[in-house]
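S.K.: Here the protein sequences line up with chains A and B, keeping their order.
Residue numbering for the first sequence follows the numbering used here, starting at 1 and increasing by one per position.
Residue numbering for the second sequence follows the numbering used here, starting at 1 and increasing by one per position.
One or more of the hints may lead you astray.
[Claimed, not checked] Taking lysine-lysine and the DSSO-like style, the derived pairs with C-alpha atoms no more than 30 Å apart in a straight line are:
#, chain 1, residue 1, chain 2, residue 2
1, A, Lys116, A, Lys86
2, B, Lys16, A, Lys384
3, A, Lys423, A, Lys384
4, A, Lys86, A, Lys2
5, A, Lys332, A, Lys423
6, A, Lys2, B, Lys16
Since the hints were derived computationally from the structure, they do not count as laboratory data.
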Amino acid sequence: MKLNDDEQAMYDGRDGPAVQRAMDLLVRYGEALGAERLVDTHNVCGTISATTPFMRDFAQQKGGMDAVFSEFNLDSDDVVAIPPMKTFTSHLQLGFDPAHAEQMGISEEVVQFYRKGEGYIAGHGVQLMNTCTPYQVGNIPTRGEHCAWMESSAVVYCNAVLGARTNTEGRESTGAASLTGKIPYWGYHLDENRLGTHHVALDVEVSSTSDWGLLGYFIGEQVQDKVPVVSGLTAVPNLARLKHFGAAAASSGGVEMYHLVGTTPEALTVEQAFGRKRAMATLRYGEAERRRAYEQLNHTARDHDVDYVMLGCPHYTIEQIWEAARLLEGRKVHENSALWIFTPSAIKALADRNGYTRIIEDAGGLLMTDSCSAMSRAAPKGTKVVALDSAKQAHYLPAILGVQAWFGSTAECIDAACTGRWKGAYA
Amino acid sequence: MNAANDGTVLRLRGRKVVGGIAEGEALVTDAHISGWGGIDSRTGTIVEMRHPLRGQSFAGKVLVFPGAKGSSGWSNAFHLTRSMGVAPAAMLFTEMTTKIALGAVVTRAPAITDFDQDPVALIRTGDWVRVDADAGTVEVIRRPAATGAS
């Protein structure tokens with residue numbers, strides 16, 4: 001891989017050992033990819049926190065958060081002192097909500113360790129957004145901006161909806177990017193790789209948020225990590241729908257970029273979406289495909305008594321919290337069930353101010369931040385059956401927690417929380 | 001040569017992703033693998049619900065698969081398998097992505113891609129596989145198809 005003079009100087013150690021380790025990783029990574037060079041980035045989203053007992057023990061035995069960063073954010077063989085971040089860096093979601101650690105079964109010791117780590121992270125100039133949706137809380141890249149993001153649901157939103165450019169980075173590559181302002185120039189940083197590969201024609205209307213989840217789940221399974229181009233939309237989807245759609249497609253497959261003809265910025269027309277490429281295949285999405293996606297998402301569910309309802313994957317928008325609050329107002333969460341809703345802490349501040357937090361709490365639910373059940377592996381004690389309005393969470397949670405999962409609409413989920421019974425159905 | 005083989009030797013060539021030499025029993029799947037949420041990093045076991053290898057561990061095996069899918073926690077999940085001592089011995093895959101590239105780099109197991117023949121189609125679970133990633137070569141010693149008792 002070719003390095004320019006500045007990159008070579010960093011690689012040779014001009015800016016100290018941590019930056020040297022970062023460049024060493026970027027070169028190993030870039031060569032593994034077959035990248036020819038690096039590109040400048042001023043927008044990194046990654047994770048540094050240590051929220052598991054393993055990470056805490058690792059830190060305590062090997063030299064604190066510098067040791068965690070050296071090993072898990074730089075893949076360094078030795079522990080090096082970590083300087084402040086060079087590039088604007090946003091922190092993604094964590095392993096628990098520090099404000100609701102007790103409910104999540106997190107020990108006080110782990111919380112204490114996390115709090116110290118949070119000071120370290122902020123002290124190094126990382127923004128404590130602590131969400132899988134940084135684009136909701138102040139990190140909205142410009143079209144064409146080169147980014148280094150992890151979190152598959154955020155990556156696909158960044159590329160497809162915002163028209164910024166990022167690959168799905170990982171903990172180590174974002175760590176290296178935050179100290180150098182560099183990332184391999186490969187994949188979705190290049191024009192030609194952003195063009196469509198598969199055409200998806202809609203034979204059914206896709207309108208509700210759960211419709212978008214089903215469509216995303218179908219497309220991901222069909223195209224894996226290719227670039228689908230969806231035509232035939234009858235309405236413009238909002239943030240919550242595209243957030244759900246991308247997260248679903250990135251979970252069942254590995255979709256990092258897509259086009260919605262007439263809606264997303266690099267697909268004003270079908271011709272623009274495909275450029276000089278031709279569709280490898282045309283997929284039709286009709287009633288049968290939609291039903292199959294629904295059945296796959298519900299394939300673990302048998303028992304209709306619901307112990308736990310989790311909403312907020314990816315983290316809820318304020319509009320979704322408003323909707324949940326309206327559905328909950330005047331009702332109570334059933335004594336045999338529980339309701340946890342996850343959102344970025346900045347949006348929770350707004351929900352507090354708008355009175356939604358009080359409505360949710362008065363009903364017996366919790367509005368939580370920074371995490372989710374899949375990230376934390378945490379659910380209310382004794383949970384065997386969950387209800388979810390997120391295709392992504394329904395994809396992952398049965399494997400992670402060994403639970404049964406029902407997938408349905410937000411209204412069906414809130415109803416399950418309030419009655420303790422799943423009454424949702426394919427509609 | 002290994003006593004259990006039926007004598008057939010296959011050779012594949014590809015491009016080095018991560019250097020090094022390793023050998024082991026093949027674990028082959030034609031399904032993409034999820035890292036975070038798809039494997040248990042403490043045991044190296046595939047846990048994804050509908051995955052054909054669900055319940056099987058790749059620890060010490062030569063993992064042969066099309067590529068990575070799912071969460072960006074892929075690299076960290078495989079990085080942790082190295083920390084826990086349950087990483088694959090080597091990785092052979094056909095579809096390059098940032099997830100698999102970074103994951104292979106931090107797992108530090110020899111890894112090869114861009115093959116002259118499809119390793120997923122040619123190599124069978126249970127075959128003995130020698131990987132020389134620096135040279136970009138893979139030698140496969142065919143073992144009889146598993147009978148269920150082996």
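S.K.: Need the list of violated hint numbers for this structure, in ascending order.
M.R.: Violated hint: only 2; rest satisfied.
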